[in-house]
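Chains as they are written, first to last, in the working numbering: chain A, 1 to 296; chain B, 1 to 407.
Incorrect hints may have been included.
[Unchecked claim] For the chain B half of the interface with chain A, some residues (derived, Cβ under 8 Å), not all of them: (1) Tyr120; (2) Glu309; (3) Met315; (4) Lys319; (5) Gly321; (6) Leu385; (7) Ser386; (8) Pro387.
[To be verified] Reference excerpt, derived from the structure (chain B facing chain A, CB under 7 Å, subset only): (9) Phe44; (10) Thr267; (11) Tyr268; (12) Glu311; (13) Ala312; (14) His352.
No wet-lab data here; the hints were simulated from the structure. Please read these numbers as outputs of a predicted model, since none were measured by experiment. Beta carbons: idealized from backbone N, C-alpha and C, even for Gly.
Here are the chains, one letter per residue:
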Amino acid sequence: MWDYSDTVKEHFYNPRNAGALADANAIGEVGSISCGDALRLMLKVDPGNETILDASFQTFGCGSAIASSSALTEIIKGKTLEQALEVSNQDIADFLGGLPPEKMHCSVMGREALQAAVANYRGEEWKDDHEEGALICKCFAVDAVMIEETIRANNLCSVEQVTNYTKAGGGCSSCHEGIEEILAKVLAERGETFKAAPPPEKKVPGKMTTLERIRKIEQVIEKARPNLQRDHGDIELVDVDGKNIYVSMKGACAGCQMEAATLGGVQAQMVEALGELVKVIPVKATAKLAPNTLPA
Amino acid sequence: MSIPNLTPIYLDNNATTRCAPEAVTAMLPYFTEQFGNPSSMHSFGAKVGHATKGARASLQKLLGAEFDSEIIYTAGGTEADNTAILSALKANPERKEIITSTVEHHAVLHLCEQLEKEGYTIHKLKVDGKGRLDLDEYAKLLTDKVAVVSVMWANNETGTYFPVEKMAEMAKAAGILFHTDAVQAVGKIPLNLKDSAIDMLSLSGHKLHGPKGIGALYLRRGARFRPLLRGGGQERGRRAGTENVPGIIGLGVAAELALEHMEQENTYVRALRDKLQAGILAAVPNAFATGDVDNRLPNTLNIAFEYVEGEAILMLLNKQGIAASSGSACTSGSLEPSHVMRAMGIPYTAAHGTIRFSLSRENTEAEIDRVIAAVPPIIAQLRKLSPYWGENGPVTDPEKAFAPTYA
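The whole structure should be built from the sequences, with the hints applied where relevant.
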């Protein structure tokens, strides 16, 4: 039995807003019976101010799928469509007091149904950009498709790199075999052979001079550049201000949909190289960030 | 989470059984007074060694084995399965093929998948809609390239039997070692290994009211064998490691009890199971029993409830104090339904909603009546929530009626 929170159980046993909504003017449907999860979200939207007056759902799925659907309808009622679109799958999971990692896909389904319903209201076509594969890393809920795509996009070749870019494998290590299998498959596609890397050397934290520190940072940037340049992109160091390392994404990397993953990987390597928590910030985003903000 | 004042009903005996009180009582002294190591050359060890010999004889009797030395104790069914298959491969290094089936337990299937990566060829026999094998297909695969056939005696989800005795004879005629994972069958049906052609058989203590963490591999005298674990000379050098003495004693008692209750298993338990099946299917539309219902374990009933998902059913049953299990994907964290249901070609509309009720001699008719009363409203409640279920039953062509806005 899953270790469900009391809130998950409460929303499963007593789902709110379940059943068809007769006068719905926005309907979002995601999933399918073959996938084992399906959700129809129905909204009654006030055309005057685009506020969600009522919401209901029909769900085929497990306990957490039903609870996530129930939670979603409670969260979005009374919100405007714009406000509702800000709701993330993590918000749904948080509302429920958390979900087991293996069940996070239920909250993702809720978020996607919401996007589909809003698109339906606006007469737009909503495209799913989330192709879910087998769950590889249960600690951080990362699936095979995500790992494969990240390996391809960033020319990764080791489990350590995959962990840096996706978090997969950073927990209990039980998925390392699965990650290595995906690496072997993707590397074979580009004519390379996967070789297991030796265990990383343990770094002993020590004080670096400012010059040594800058050089380390430059080394990490230089190490990342060839992979990015291969994809017609690049990264440049702009400035270092305490814990904040400012970089500029160039070429195809600027505005790329994998930009956040790339920056996350570079940041993880910075943390590893420097032995301290730092944040790698693209220069275009500096205005939004408070100074000296450490990574979560 | 169960409703207070409702006595729990346990119908998940294919997952594990309650350890028989007689077995527990018998085990206790082997944690305290009789703590000697059976390999030790003193009286502490000798007493324990004598007791484990008695337990071995009980297990020999249950299996209908010719010699007690044909039993190798293991840590459970998985270790026994792994030992059998890996031993056969090492003992016959020139043979690189294995025959198994698509519906085996993961202890066999996942090992075979790993062996496939290491260069072995795995032939997985397919099953039909009732979970039955095609023996003609099997016969064609029996060549001198095959090191071992490993096929379960009875399926853990549906209870369906495979004709393992016949298959073992066919394998023997082709000079191939034959192993059967009989974890679900041992203790429920009479066995007579002495007169069969089965070379190896796996069993697990906790499936027959014995303790967890103990199992055994039957190895026919004379069959080629290579140990999985090497170290001390325990189990005649075939399974190194100090014996799980309390477990062995408990398994011995469980074996005696299983033999004693064998007839009850096939009359009383079977009748309860049949009543449960008839009661549920009479009250719930769009539901059916899976597997070969005329040829299955006496305690097992697997019902597919269309248009609802298994884990949700389990949670609502659990709230009423009823414990069963599901082959549904969501209970395992993936979204794929049970490989057994998929192998039988059960459509997705039903495969996600399968529930396995597995009984034991400890269940009562009053319990079965309570389950028969509890299930229909639970299914109705979930179908009310389902986008695939309308006012008067399933929506026509559910895949079309529920059409996501994306490809």
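Here's how the hints hold up against the structure:
no.: 1; hint: Tyr120; in the structure: violated, 17 Å
no.: 2; hint: Glu309; in the structure: holds, 5 Å
no.: 3; hint: Met315; in the structure: holds, 5 Å
no.: 4; hint: Lys319; in the structure: holds, 7 Å
no.: 5; hint: Gly321; in the structure: violated, 13 Å
no.: 6; hint: Leu385; in the structure: holds, 5 Å
no.: 7; hint: Ser386; in the structure: holds, 5 Å
no.: 8; hint: Pro387; in the structure: holds, 4 Å
no.: 9; hint: Phe44; in the structure: violated, 40 Å
no.: 10; hint: Thr267; in the structure: violated, 33 Å
no.: 11; hint: Tyr268; in the structure: violated, 29 Å
no.: 12; hint: Glu311; in the structure: holds, 4 Å
no.: 13; hint: Ala312; in the structure: holds, 5 Å
no.: 14; hint: His352; in the structure: holds, 5 Å
The structure fails to meet hints 1, 5, 9, 10 and 11 from the earlier list, while all remaining hints are met.
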